[in-house]
Amino acid sequence: MLMLAGIVILHITTIILLLVAAIDNAWWVTKTVSTDLWGRWELANSAWHYTNLKDYPEDYLQAVQATTVLACIFAILALFVFVAQLFTLPKGQRFTFSGIFQLISCLCIMIAASIYTAKFHPIEKEGGFGHSYVLAWISFVLTLILSITYLILRKKSE
Amino acid sequence: MLTFVALASVLLLGIVPEQTEGIAIYTGWERHALLGSDIRLSCSFFSWRMTSEDVTFSWTYRPDGSRDSISIFHYGGGVAYVDNKGPFRDRVEFVGNPSRRDGSILIKNLDYNDNGTFTCDAKNPPDIVGRPSSVRLLVFEKVPIQAGVITGAIIGVVLGLLVLIVVIYYLMRFLVARRVFSLSVSKHGKKKKEGSQARQGPVPPADPTKVKAAASEKKKQESRKDKK
Numbered sequence: 008m009l010m011l012a013g014i015v016i017l018h019i020t021t022i023i024l025l026l027v028a029a030i031d032n033a034w035w036v037t038k039t040v041s042t043d044l045w046g047r048w049e050l051a052n053s054a055w056h057y058t059n060l061k062d063y064p065e066d067y068l069q070a071v072q073a074t075t076v077l078a079c080i081f082a083i084l085a086l087f088v089f090v091a092q093l094f095t096l097p098k099g100q101r102f103t104f105s106g107i108f109q110l111i112s113c114l115c116i117m118i119a120a121s122i123y124t125a126k127f128h129p130i131e132k133e134g135g136f137g138h139s140y141v142l143a144w145i146s147f148v149l150t151l152i153l154s155i156t157y158l159i160l161r162k163k164s165e
Numbered sequence: 006m007l008t009f010v011a012l013a014s015v016l017l018l019g020i021v022p023e024q025t026e027g028i029a030i031y032t033g034w035e036r037h038a039l040l041g042s043d044i045r046l047s048c049s050f051f052s053w054r055m056t057s058e059d060v061t062f063s064w065t066y067r068p069d070g071s072r073d074s075i076s077i078f079h080y081g082g083g084v085a086y087v088d089n090k091g092p093f094r095d096r097v098e099f100v101g102n103p104s105r106r107d108g109s110i111l112i113k114n115l116d117y118n119d120n121g122t123f124t125c126d127a128k129n130p131p132d133i134v135g136r137p138s139s140v141r142l143l144v145f146e147k148v149p150i151q152a153g154v155i156t157g158a159i160i161g162v163v164l165g166l167l168v169l170i171v172v173i174y175y176l177m178r179f180l181v182a183r184r185v186f187s188l189s190v191s192k193h194g195k196k197k198k199e200g201s202q203a204r205q206g207p208v209p210p211a212d213p214t215k216v217k218a219a220a221s222e223k224k225k226q227e228s229r230k231d232k233k
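Protein sequences appear in the order of chains A and B. Residues in the first sequence are numbered consecutively from 8, following our numbering. Residues in the second sequence are numbered consecutively from 6, following our numbering.
The reader is advised that the hints may include incorrect statements.
Taking lysine-lysine and the DSSO-like style, the derived pairs with C-alpha atoms no more than 30 Å apart in a straight line are [to be verified]:
(1) B:K113 to B:K90
(2) A:K126 to B:K147
(3) A:K132 to A:K38
(4) B:K128 to B:K113
(5) A:K61 to B:K90
(6) A:K98 to A:K162
Read the hints as simulated data drawn from the structure, not as lab findings.
Build out the structure end to end from the sequences listed, making use of the hints.
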């Protein structure tokens, strides 16, 4: 019972982290700029202004956007499938469906973070990766752990 | 009361036609084109009057960053006059149909100097009061990818594949169950013909899907009891 609660809480935490990584525009942060994935926040005269992204490789940016959104969708679907499988799975069987969805989500966020690392901000003197980027990698690890858990875990057969 | 309503409606009907009269001209908002290609700039209008024989279309061009406009096309009295001196000489062609209220022009072999605003003005006598409409032309070496097209395509394809795989999975399960059912019926039929009814007993031919459902129902009941 406790393990079940722990897994569900971990899954929900992963979904929250993925959503923050996807929505918050903070993959690349400098002292006056917080940018990426959807727009650019610039600090000018102590007021933040939102502008569109310019001078980016358009196709790679859209690929990162798409895979991040897909990772969120699959993580949420995996939660629903897990809860459904809790009630419908025969005893002694593995949660393969939820494990597969979680694995696809893990793959998608890994693709997103990798493309971002490789293709964006290659030559910039100041600034560093922001909290959304860090959360993306953390949710990669968590989704990987969860998917392996789902693929190994068996339903209690008492 | 009734007379007041009648008077008010007559007044309104008197006012409204004045506002709806007048000509409304439609062009695009912005057009993107590749260097060296041709572009069709469309212009049409809406007017309450019938299309008259004296309908006129005129196109003017204003380069980016300039304040002056230059006329490049005029259609009037049934004849189309194209630019033969200006920046678009021998490059403009009339491809519209004035009787269908279409005053579109075709500009060939675009160059970066053609970036600018094209304004279409149409007149349908006696309907001449209206605002000209402008379309902005942008010439690119390579047409840029519109925002969100690739994103939407990737997401759509992946989710579509997911739905397809789930549907195929359940379809296969359903078909396999049906095949097993038809096979067992044929087997049962053959055994009946051979006359080994004693082995089968009085049990009616079991429907495999029903048997599965019954088994899973039993399992569900067991799991519920165990959970409690």
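So, going through the hints one by one against the coordinates:
1. Note on K113 (chain B) and K90 (chain B): the hinted pairing holds, with a Cα-Cα distance of about 16 Å set against a maximum of 30 Å.
2. Using a Cα cut-off of 30 Å, the hinted pair K126 (chain A) and K147 (chain B) holds, with the two alpha carbons roughly 21 Å apart.
3. Proximity of K132 (chain A) to K38 (chain A) is assessed by CA-CA distance (about 12 Å); at most 30 Å being required, the pair is judged to hold.
4. Of the supplied pair hints, the one linking K128 (chain B) and K113 (chain B) holds, its CA atoms being roughly 26 Å apart against a limit of 30 Å.
5. The suggested pairing of K61 (chain A) with K90 (chain B) is violated, with an alpha-carbon distance near 39 Å, which exceeds 30 Å.
6. The hinted pair formed by K98 (chain A) and K162 (chain A) meets the criterion: a straight-line CA distance of about 5 Å does not exceed 30 Å.
Of the hints listed earlier, the one the structure fails to meet is number 5.
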